[in-house]
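Asks: Residue-level listing of the chains:
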Amino acid sequence: MKKFLMFLLVAMLALVLVACTTTKDDGAEKDKKKETEKDDGKTEEVAEDDEKADEKILYMNNGEEPTSFDPSVGFNAVSWSSLNNLMEGLTRLSEDHLAVEATAEKIDISEDGLTYTFTIREGAKWSNGDPVVAGDFVFAWRHMLDPETASPAAFLAYFIEGAEAYNNGEGKVEDVAIEAPNEKTFVVKLTSPNEAFLNIITNPSFFPINEKVATADPKWFTEAETFVGNGPFKLASWDHDVNLVFEKNENYWDADKVKLDKVHWAMVADTTTAYQMYQANELDVSGIPPELAEQLKDDDEARFDDEAGLYFYRFNTSMEPFTNTKIRRAFGLAVNQEEIVEFITKNGEKPAHGFVTYGFIGPDGKEFRDSVGDLVKFNPDEAKKLLEEGMKEEGYTELPKITLTYSTSESHQNIAEALQGAFKKVLDVDVELQNVEGGVFLAEQKEFKYQMSRSSFLHDYADPVNALESFITDSPMNRTTWSNAEYDKLIADIKNETDEEKRWELLKKADELLMAEMPVFPIYFYNQSTLEKPGVSGILRHPVGYIDLKYADKN
Amino acid sequence: MAKYIVKRFLMMIATIFIISTLTFFLMHSLPGSPFDEERTSNPTIQANLEKFYKLDQPIGVQYVYYLKSIVTFDFGPSIKKPNDTVNNLLARGFPISFELGIITMLVAVVSGIILGTFAALRHNGIIDYFAMAFAVVGISVPNFVLATLLIQQVAVNWELLPTATWSSPLHMILPTLALATGPTAIIARLTRASMLEVLTQDYIKMARAKGLSPVRIVVRHALRNALMPVVTIMGTMLAGILTGTFVIEQIFAIPGMGKYFVESINNRDYPVIMGSTVFYSAFLVFMLFLVDMVYGFLDPRIKLHKKEGEV
Numbered sequence: 000m001k002k003f004l005m006f007l008l009v010a011m012l013a014l015v016l017v018a019c020t021t022t023k024d025d026g027a028e029k030d031k032k033k034e035t036e037k038d039d040g041k042t043e044e045v046a047e048d049d050e051k052a053d054e055k056i057l058y059m060n061n062g063e064e065p066t067s068f069d070p071s072v073g074f075n076a077v078s079w080s081s082l083n084n085l086m087e088g089l090t091r092l093s094e095d096h097l098a099v100e101a102t103a104e105k106i107d108i109s110e111d112g113l114t115y116t117f118t119i120r121e122g123a124k125w126s127n128g129d130p131v132v133a134g135d136f137v138f139a140w141r142h143m144l145d146p147e148t149a150s151p152a153a154f155l156a157y158f159i160e161g162a163e164a165y166n167n168g169e170g171k172v173e174d175v176a177i178e179a180p181n182e183k184t185f186v187v188k189l190t191s192p193n194e195a196f197l198n199i200i201t202n203p204s205f206f207p208i209n210e211k212v213a214t215a216d217p218k219w220f221t222e223a224e225t226f227v228g229n230g231p232f233k234l235a236s237w238d239h240d241v242n243l244v245f246e247k248n249e250n251y252w253d254a255d256k257v258k259l260d261k262v263h264w265a266m267v268a269d270t271t272t273a274y275q276m277y278q279a280n281e282l283d284v285s286g287i288p289p290e291l292a293e294q295l296k297d298d299d300e301a302r303f304d305d306e307a308g309l310y311f312y313r314f315n316t317s318m319e320p321f322t323n324t325k326i327r328r329a330f331g332l333a334v335n336q337e338e339i340v341e342f343i344t345k346n347g348e349k350p351a352h353g354f355v356t357y358g359f360i361g362p363d364g365k366e367f368r369d370s371v372g373d374l375v376k377f378n379p380d381e382a383k384k385l386l387e388e389g390m391k392e393e394g395y396t397e398l399p400k401i402t403l404t405y406s407t408s409e410s411h412q413n414i415a416e417a418l419q420g421a422f423k424k425v426l427d428v429d430v431e432l433q434n435v436e437g438g439v440f441l442a443e444q445k446e447f448k449y450q451m452s453r454s455s456f457l458h459d460y461a462d463p464v465n466a467l468e469s470f471i472t473d474s475p476m477n478r479t480t481w482s483n484a485e486y487d488k489l490i491a492d493i494k495n496e497t498d499e500e501k502r503w504e505l506l507k508k509a510d511e512l513l514m515a516e517m518p519v520f521p522i523y524f525y526n527q528s529t530l531e532k533p534g535v536s537g538i539l540r541h542p543v544g545y546i547d548l549k550y551a552d553k554n
Numbered sequence: 000m001a002k003y004i005v006k007r008f009l010m011m012i013a014t015i016f017i018i019s020t021l022t023f024f025l026m027h028s029l030p031g032s033p034f035d036e037e038r039t040s041n042p043t044i045q046a047n048l049e050k051f052y053k054l055d056q057p058i059g060v061q062y063v064y065y066l067k068s069i070v071t072f073d074f075g076p077s078i079k080k081p082n083d084t085v086n087n088l089l090a091r092g093f094p095i096s097f098e099l100g101i102i103t104m105l106v107a108v109v110s111g112i113i114l115g116t117f118a119a120l121r122h123n124g125i126i127d128y129f130a131m132a133f134a135v136v137g138i139s140v141p142n143f144v145l146a147t148l149l150i151q152q153v154a155v156n157w158e159l160l161p162t163a164t165w166s167s168p169l170h171m172i173l174p175t176l177a178l179a180t181g182p183t184a185i186i187a188r189l190t191r192a193s194m195l196e197v198l199t200q201d202y203i204k205m206a207r208a209k210g211l212s213p214v215r216i217v218v219r220h221a222l223r224n225a226l227m228p229v230v231t232i233m234g235t236m237l238a239g240i241l242t243g244t245f246v247i248e249q250i251f252a253i254p255g256m257g258k259y260f261v262e263s264i265n266n267r268d269y270p271v272i273m274g275s276t277v278f279y280s281a282f283l284v285f286m287l288f289l290v291d292m293v294y295g296f297l298d299p300r301i302k303l304h305k306k307e308g309e310v
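Chains as they are written, first to last, in numbering that gives the first Met the number 0: chain A, 0 to 554; chain B, 0 to 310.
Keep in mind the hints are simulated off the structure, nothing from the lab.
Computed from a prediction, not measured in an experiment: that's the story for all the values here.
There's no promise every hint is true.
Said to hold, decoys possible - Here are the simulated DSS-like pairs of lysine-lysine, each with C-alpha atoms no more than 27 Å apart in a straight line:
no.: 1; chain 1: A; residue 1: LYS423; chain 2: A; residue 2: LYS383
no.: 2; chain 1: A; residue 1: LYS376; chain 2: A; residue 2: LYS345
no.: 3; chain 1: A; residue 1: LYS488; chain 2: A; residue 2: LYS508
no.: 4; chain 1: A; residue 1: LYS391; chain 2: A; residue 2: LYS376
no.: 5; chain 1: A; residue 1: LYS448; chain 2: A; residue 2: LYS423
no.: 6; chain 1: B; residue 1: LYS53; chain 2: B; residue 2: LYS67
no.: 7; chain 1: A; residue 1: LYS55; chain 2: A; residue 2: LYS183
no.: 8; chain 1: A; residue 1: LYS218; chain 2: B; residue 2: LYS53
no.: 9; chain 1: A; residue 1: LYS55; chain 2: A; residue 2: LYS256
no.: 10; chain 1: A; residue 1: LYS188; chain 2: A; residue 2: LYS501
no.: 11; chain 1: A; residue 1: LYS261; chain 2: A; residue 2: LYS325
no.: 12; chain 1: A; residue 1: LYS325; chain 2: A; residue 2: LYS124
no.: 13; chain 1: B; residue 1: LYS50; chain 2: A; residue 2: LYS218
no.: 14; chain 1: A; residue 1: LYS448; chain 2: A; residue 2: LYS256
no.: 15; chain 1: A; residue 1: LYS124; chain 2: A; residue 2: LYS171
no.: 16; chain 1: A; residue 1: LYS218; chain 2: B; residue 2: LYS79
no.: 17; chain 1: A; residue 1: LYS448; chain 2: A; residue 2: LYS400
no.: 18; chain 1: A; residue 1: LYS105; chain 2: A; residue 2: LYS211
no.: 19; chain 1: A; residue 1: LYS171; chain 2: B; residue 2: LYS50
no.: 20; chain 1: A; residue 1: LYS211; chain 2: A; residue 2: LYS124
no.: 21; chain 1: B; residue 1: LYS53; chain 2: A; residue 2: LYS445
no.: 22; chain 1: A; residue 1: LYS247; chain 2: A; residue 2: LYS183
no.: 23; chain 1: A; residue 1: LYS445; chain 2: B; residue 2: LYS79
no.: 24; chain 1: A; residue 1: LYS445; chain 2: B; residue 2: LYS50
no.: 25; chain 1: A; residue 1: LYS171; chain 2: A; residue 2: LYS218
no.: 26; chain 1: A; residue 1: LYS218; chain 2: B; residue 2: LYS67
no.: 27; chain 1: B; residue 1: LYS67; chain 2: A; residue 2: LYS171
Take these sequences, add in the hints, and give me the full structure.
Replies: As structure tokens, then:
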């Protein structure tokens, strides 16, 4: 028997070994191939080895494969993180989150605030050496607005004369008011004055596209070999679903300011794994996994930056009992935002007491949020009183059944349960919780099927009006059925007001009115929480915007 | 034999057709669309996108397009990853999932059979207890727990192996271990159970009485019969593991195709749902077909073709 066992053991071991060695060889061969492919030639390889010692390589995580490097199509954070560093628009956000000249060196705005004339910078070049010309912007913006492109970003350009008509198929491309009278001049005409225009065009969908390259190869953006950008970095390699490597772009007009030699982007979707890679020094920057938030929030390497956007709840103002403003307010005031941030989310977020987020500075130099003050604040006595009054107004002896709906996720559930507890404790109302799959949730919320449901908002551009305009009558972002003529007029006035101070006053009024009527109530403002290794510096994170590595350094 | 294969092949086609038709209509009966997002829902933009992906057409027309895409095996571009066609995603993801799956299955089958056989031969002995304790742990500890634990201990604390990604043979060790433990345990238990049963059979006693060597008895007579149940589950297990496992791929950031199954449904990415479902079902059906073939080889009593048996 023993002999047999030995035989079996040896046989199996041999099998395992054979299996392992063949696969290992396969792997090794593949790796070698990749290396030689990358370095075309041995001399280069040696040279690279010598340099490696003092090369600055930043290891980042993008979470997943960017959806598209066609700037008109990749309309999401996973694409923007790369695009914002590989390409550059007419303007770029500065350290103070302001839109400043970038590819354009001079910007002239007409008296009426409608016509913008950009002068393209003399030294602006593409990574293949071509000069960046005004025609590249015309080409790119027309590409974005072309209905055939089906760009999800196109609505951002509706401020431009003729843009909406062309995008919805009614107008012609020639009627879009963008033109290049000469190689270095780019002129845009807007439908109405817009304070935020220079900010809006920092979005990657307004980046130029090298017309020569794109006409010759319409799929230029799909591979590293064919990608041509005009940003601080160039795309050195792109192993789809695996990683991206950027190299400093020597052709960039401001290349002297760029300190990193390379940026390596992993695509690790799991936040815990990313954190473990960070611990093992395989990443220089990582997010904070939600389950470790409490433990890591006071860590020296943790940092929190504002993000313009908020977590909030919507009432359906056509469904009882939320047809009544007082009852809506009662529910809003029963919620203690401070407690939710401190005990539930635990990620250093700021509690929200209004709809407009932090990060917007008015003409008086003051933070918008601070000058408006707390519009919704936990007040159990007031909440009880309002509920009683509201019930009297409606003639209720008992409240109709209330269901609170959220989309499947642990964090949404935790907040929903906290709200349920608060409504019971403060108002003595039993609220039923309903958990719905994400896709179904969004579809049904838009069909007004929920009495009370969770929501979130992230800014498309840095202006308070972007958040507030969501709630004008019938806006696709409204989703509450709430309609208020005074509010609609306020938003229209804001959009036409050219006087900064008056406009700011109107914005404040709109935030106040929205919170007084309370078709929605705020919970907390988003932030960006990250871990950064000591020695890493200069990574710009804007409240509205895209991660910027132009000034990043690693020592 | 040839006739049988042709018949089975036709049945495979029919099965795949039924599965994909069901998937198509189930998928479209789900509320929500690929363009339902929190932030953008401008009607013009939505219309442009729907037109681009032919989602503005009536469902019957979409079904015809879709049948055409199955026959030509060209599912068009993904909605959420417009850079790639579905074929591209599958062509990129499948080899990696396949690689991980094959290594895992090899480890699981080899170690599972060894463990199971030894446990049966040493019934109620230390080896048996050890093997079965391992099996219970292996089956009950979910692989994602094991995966995170392995990364934390082996990669982060001991710094022996890299944490994640799929770039060298060293990177493959941890995901393989995490993924193989469950199947190893299942195979070990099955092998042990059927081995115990087989060992009490008369023909084993007969073989012993004839004075055959123990090795010959176990390998030629016992194991061959004991492996039937193992082969039965291997078909589905293989198809499942080879086409990617979402959780392990997610945790180790392995660019396989496991994530497309899960994410495409969450995202309502219709072309990817259809492409991955058709691909997966074709693969599964093919595996089951292979298993039937192996049956015939292992147990000559199972006739693949009835008429042949009758003659």
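Asks: Now look at each hint and say whether the structure bears it out.
Replies: Hints, verified against the model:
no., hint, in the structure
1, A:LYS423 to A:LYS383, "holds (11 Å)"
2, A:LYS376 to A:LYS345, "holds (19 Å)"
3, A:LYS488 to A:LYS508, "holds (11 Å)"
4, A:LYS391 to A:LYS376, "holds (23 Å)"
5, A:LYS448 to A:LYS423, "holds (23 Å)"
6, B:LYS53 to B:LYS67, "holds (14 Å)"
7, A:LYS55 to A:LYS183, "violated (35 Å)"
8, A:LYS218 to B:LYS53, "holds (21 Å)"
9, A:LYS55 to A:LYS256, "holds (14 Å)"
10, A:LYS188 to A:LYS501, "holds (24 Å)"
11, A:LYS261 to A:LYS325, "violated (57 Å)"
12, A:LYS325 to A:LYS124, "violated (59 Å)"
13, B:LYS50 to A:LYS218, "holds (20 Å)"
14, A:LYS448 to A:LYS256, "violated (53 Å)"
15, A:LYS124 to A:LYS171, "violated (30 Å)"
16, A:LYS218 to B:LYS79, "holds (17 Å)"
17, A:LYS448 to A:LYS400, "holds (14 Å)"
18, A:LYS105 to A:LYS211, "holds (25 Å)"
19, A:LYS171 to B:LYS50, "holds (19 Å)"
20, A:LYS211 to A:LYS124, "holds (13 Å)"
21, B:LYS53 to A:LYS445, "holds (22 Å)"
22, A:LYS247 to A:LYS183, "holds (25 Å)"
23, A:LYS445 to B:LYS79, "holds (21 Å)"
24, A:LYS445 to B:LYS50, "holds (21 Å)"
25, A:LYS171 to A:LYS218, "holds (25 Å)"
26, A:LYS218 to B:LYS67, "holds (25 Å)"
27, B:LYS67 to A:LYS171, "violated (34 Å)"
Consistency note: the structure conflicts with the earlier hints numbered 7, 11, 12, 14, 15 and 27.
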